[in-house]
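Assemble the whole structure, with the sequences as input and the hints as a guide.
In order, the protein sequences belong to chains A and B. Under my numbering, read the first sequence as residues 66 to 456, first letter to last. Under my numbering, read the second sequence as residues 66 to 456, first letter to last.
By construction, these hints were calculated from the structure, which means they are not laboratory data. It is possible that some hints are incorrect.
Note that the list lumps identical chains together, so a pair holds whenever it fits in one copy or between two copies.
What the hints assert, rightly or not - Derived pair list, reagent style DSS-like, types lysine-lysine, alpha-carbon separation capped at 27 Å:
hint	residue 1	residue 2
1	K241	K455
2	K353	K386
3	K227	K241
4	K386	K128
5	K220	K241
6	K160	K386
7	K143	K357
8	K195	K160
9	K445	K353
10	K128	K382
11	K382	K371
12	K407	K128
13	K386	K143
14	K220	K128
15	K143	K382
Protein chains: 2
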Amino acid sequence: MNHQEALSKDLEIRCSRLQEAMRAVNVDACVLTTTVNVFYMTGCVYNGYFYLPAEGEPFHFVKRPEGIAFDNTVYVRKPEQITEELLSRDVSFPKTLLLETDVISFGECSRLLNTFGLNTAANASVLMRKIRSIKTAFELEQVKVCARRHEAVYKLIPSVFKRGMTDVEFQIEIEKLMRLHGSLGLFRSYGENMDIYMGSLLAGENAEVPSPFDFALGGAGSSPILPLGASGQTIQEGQTIMVDMAGNYTPWMTDMTRVFSVGKTSDIAHQAHQVSIDIHNHTMDIAKPGTKCSDLYEIAMERVVKANLEPYFMGTKQQAKFVGHGVGLEINEPPVLTPRSKEVLEPNIVFALEPKFVIPEVGAVGIENTYAVTDGGIEKLTILEENIIKL
Amino acid sequence: MNHQEALSKDLEIRCSRLQEAMRAVNVDACVLTTTVNVFYMTGCVYNGYFYLPAEGEPFHFVKRPEGIAFDNTVYVRKPEQITEELLSRDVSFPKTLLLETDVISFGECSRLLNTFGLNTAANASVLMRKIRSIKTAFELEQVKVCARRHEAVYKLIPSVFKRGMTDVEFQIEIEKLMRLHGSLGLFRSYGENMDIYMGSLLAGENAEVPSPFDFALGGAGSSPILPLGASGQTIQEGQTIMVDMAGNYTPWMTDMTRVFSVGKTSDIAHQAHQVSIDIHNHTMDIAKPGTKCSDLYEIAMERVVKANLEPYFMGTKQQAKFVGHGVGLEINEPPVLTPRSKEVLEPNIVFALEPKFVIPEVGAVGIENTYAVTDGGIEKLTILEENIIKL
Chain A
66 MNHQEALSKD LEIRCSRLQE AMRAVNVDAC VLTTTVNVFY MTGCVYNGYF
116 YLPAEGEPFH FVKRPEGIAF DNTVYVRKPE QITEELLSRD VSFPKTLLLE
166 TDVISFGECS RLLNTFGLNT AANASVLMRK IRSIKTAFEL EQVKVCARRH
216 EAVYKLIPSV FKRGMTDVEF QIEIEKLMRL HGSLGLFRSY GENMDIYMGS
266 LLAGENAEVP SPFDFALGGA GSSPILPLGA SGQTIQEGQT IMVDMAGNYT
316 PWMTDMTRVF SVGKTSDIAH QAHQVSIDIH NHTMDIAKPG TKCSDLYEIA
366 MERVVKANLE PYFMGTKQQA KFVGHGVGLE INEPPVLTPR SKEVLEPNIV
416 FALEPKFVIP EVGAVGIENT YAVTDGGIEK LTILEENIIK L
Chain B
66 MNHQEALSKD LEIRCSRLQE AMRAVNVDAC VLTTTVNVFY MTGCVYNGYF
116 YLPAEGEPFH FVKRPEGIAF DNTVYVRKPE QITEELLSRD VSFPKTLLLE
166 TDVISFGECS RLLNTFGLNT AANASVLMRK IRSIKTAFEL EQVKVCARRH
216 EAVYKLIPSV FKRGMTDVEF QIEIEKLMRL HGSLGLFRSY GENMDIYMGS
266 LLAGENAEVP SPFDFALGGA GSSPILPLGA SGQTIQEGQT IMVDMAGNYT
316 PWMTDMTRVF SVGKTSDIAH QAHQVSIDIH NHTMDIAKPG TKCSDLYEIA
366 MERVVKANLE PYFMGTKQQA KFVGHGVGLE INEPPVLTPR SKEVLEPNIV
416 FALEPKFVIP EVGAVGIENT YAVTDGGIEK LTILEENIIK L
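The structure is reproduced here in structure tokens:
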């Protein structure tokens, strides 16, 4: 089976899953318009509306580009034409409709509701994220291709470091390696407050700086309009450098963090880093389908508390309250590993675990790996030296 | 006056302008939560809600980061606390409210409306874009700093070209130049269907490929999830290469396109390129405060038709129906230069003009410059060789 055939088969699976989920919640139809969900359902990106009834074939109401050739493709200029076109084809109007209410704007959503003569919509954002969190075999293959490139780039990181560099200069060299290995550049995330460019590189004290954005760690950034990550400071002897750059080499991403040090770094940095590795190893031992995501948080926290490292865990001045998250077409998918999570691991969930510490005056330590949940456990997808790597 | 003092003064001007506009449309208060508008009103980015009454001082309801120190800063976890906190300070509730209804999600907007006990909101997205389209002296200074760096990077482009490169490899070299000159990387745009990474580089026939996104030209891209721009094809002798990479060196951006050719290119490419330059020169002669944006489109179109180049104007298989747009904190601001635009030029509007052609089998030609509207005309901000530059 070639890639195109495999993709076609996979799109049928995704479509059936969505229709099954729609019938389970008694919804008549679904309209998807965001890039990520249109891509998930069609394998391509168009500006328009993917319309799926709970039973039957999808319609593609396309504004751009020219040349979309699916069955049931209808070119439109505005959403009001969706219902006109459905009417002209004797398709009955949905009485209940799924819309991406957590993402599309109030204006756009109100206009779509109006078009269908409805007052409310069920939440397609949450439903699609739930469906997308369970990867198909096709998607898992793509994730693994991505992981191999992510590893290949990280292996080259020491070769582009030079003493006296700023953190931004070091990051620029890594960005170039990434792009030459096929990184798409654009780094997709879900929701507001996720502004980022190509990932995060944190060196020394900058790792302590709180950020407005919802990532594990912060950093001052180099501009007031993007207060995150590398700040332009020269990297100093003894500092640790945490590299958490995007694994966006296929549409399905991986997430991986490794730590480098300039020369020898402090004992407490090594100790905290080892606690992070221990948390990963312990999680590998016990996580399997059915494991509560809140338990994965607690397991991490227990080891942190036992090692007296709580004040440094997931930041110092501002501490993130999660240790991991799903990964896929967006970098922040469900489940989220938080103390209050109600989710459990299921086969074919792909998630990143990232217990990290910020050691004042030294920098950030700890690793992040991406795992796939198997039938009986979890499989590590990002395989690379885990100790602090001396530059 | 140092930068911080100048910024403080400028923030007061922006605040007064918004309050004046609010009173003009009889709105009691405004809540802004998107990164760009929070930055515009405060000079920094926080995750939270900027609350401004039509008269009086703003409140900053902040979720993250720790350490925001404006007067009237209140830390909150959820939007419902905004009204609780206002109540506890005896601030009267607004009866009419501006919200960013064209950008914030249906879910978020509904929740904010609920919090204030309101059914509808006035459109802060449109109002803020209108206000932001008229730049202050401070903003114009930033735009000019950006233009100088944009020019400096473009001057170096020939030095990184090597025969036999793919379009993606060429773009990667330019990206690195950009980053080393202070490009923030992240490239902010308004609305859906504006997916892009660092800008667009189009070589040869790839310039003809339609894209789902709302940019002047398309390109196949190198991944089905980002169908835009460079496609990975080797650049060939005689092709033109259109470089339209982001001018994001300060928060206020510039937009500039230049064309390069590998060796000699076709006569029709040169001819069309000259028409683009002529359109710019003619626009420089006649544009001033009061000029209709639709006239700027018509003026361009007249020259295109006269030169028999309509089939190539703004694409071939898919043609964009605009020749320019405002530029600022986002790359696509008002006004838009379309045939149906109702907007007119006003002093201190900054806009990009980009009459472009796609010549089949050759590539894209035409230039883009950023201009500031002055009291009596327009001033070119992006100053650099405009002819096709031979590589």
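These are the hints, each one checked on the structure:
Taking CA atoms no more than 27 Å apart as the test, K241 paired with K455 passes in both settings, with 21 Å inside one copy and 26 Å between copies. In this assembly of identical chains, the alpha carbons of K353 and K386 lie at most 27 Å apart only when taken from the same copy (22 Å versus 54 Å across copies). In this assembly of identical chains, K227 and K241 lie within 27 Å of each other by CA distance both inside one copy and across copies; the values are 15 Å within and 17 Å between. Proximity of K386 to K128 under the C-alpha cut-off of 27 Å is restricted to the inter-copy arrangement: shortest distance 14 Å between copies versus 41 Å within a copy.
Taking the closest pair of Cα atoms, K220 and K241 come within 27 Å of each other both inside a single copy (14 Å) and across two copies (20 Å). Proximity of K160 and K386 under a CA criterion of 27 Å is satisfied in neither setting, with 40 Å inside one chain copy and 37 Å between copies. Taking the shortest alpha-carbon separations for K143 and K357, only the inter-copy value of 26 Å comes in at or below 27 Å, while the best intra-copy value is 44 Å. Taking CA atoms no more than 27 Å apart as the test, K195 paired with K160 passes inside one copy only; the shortest distance there is 23 Å, against 38 Å between copies.
Taking the shortest alpha-carbon separations for K445 and K353, only the intra-copy value of 12 Å comes in at or below 27 Å, while the best inter-copy value is 62 Å. Proximity of K128 to K382 under the C-alpha cut-off of 27 Å is restricted to the inter-copy arrangement: shortest distance 14 Å between copies versus 47 Å within a copy. Taking the shortest Cα distances, K382 and K371 sit within 27 Å of each other inside one copy (21 Å), while across copies they are farther apart (65 Å). When the C-alpha separation of K407 and K128 is checked against a cutoff of 27 Å, the pair qualifies only between copies, where the shortest distance is 23 Å, while the shortest distance within a copy is 39 Å.
With identical chains, the CA atoms of K386 and K143 are at most 27 Å apart between copies only, with a shortest distance of 16 Å across copies and 42 Å within one. For a Cα distance limit of 27 Å, the shortest separation of K220 from K128 qualifies neither inside one copy, at 43 Å, nor across copies, at 37 Å. Taking the shortest Cα distances, K143 and K382 sit within 27 Å of each other only across copies (21 Å), while inside one copy they are farther apart (48 Å).
Consistency with the previously given hints fails for numbers 6 and 14, ordered from lowest to highest.
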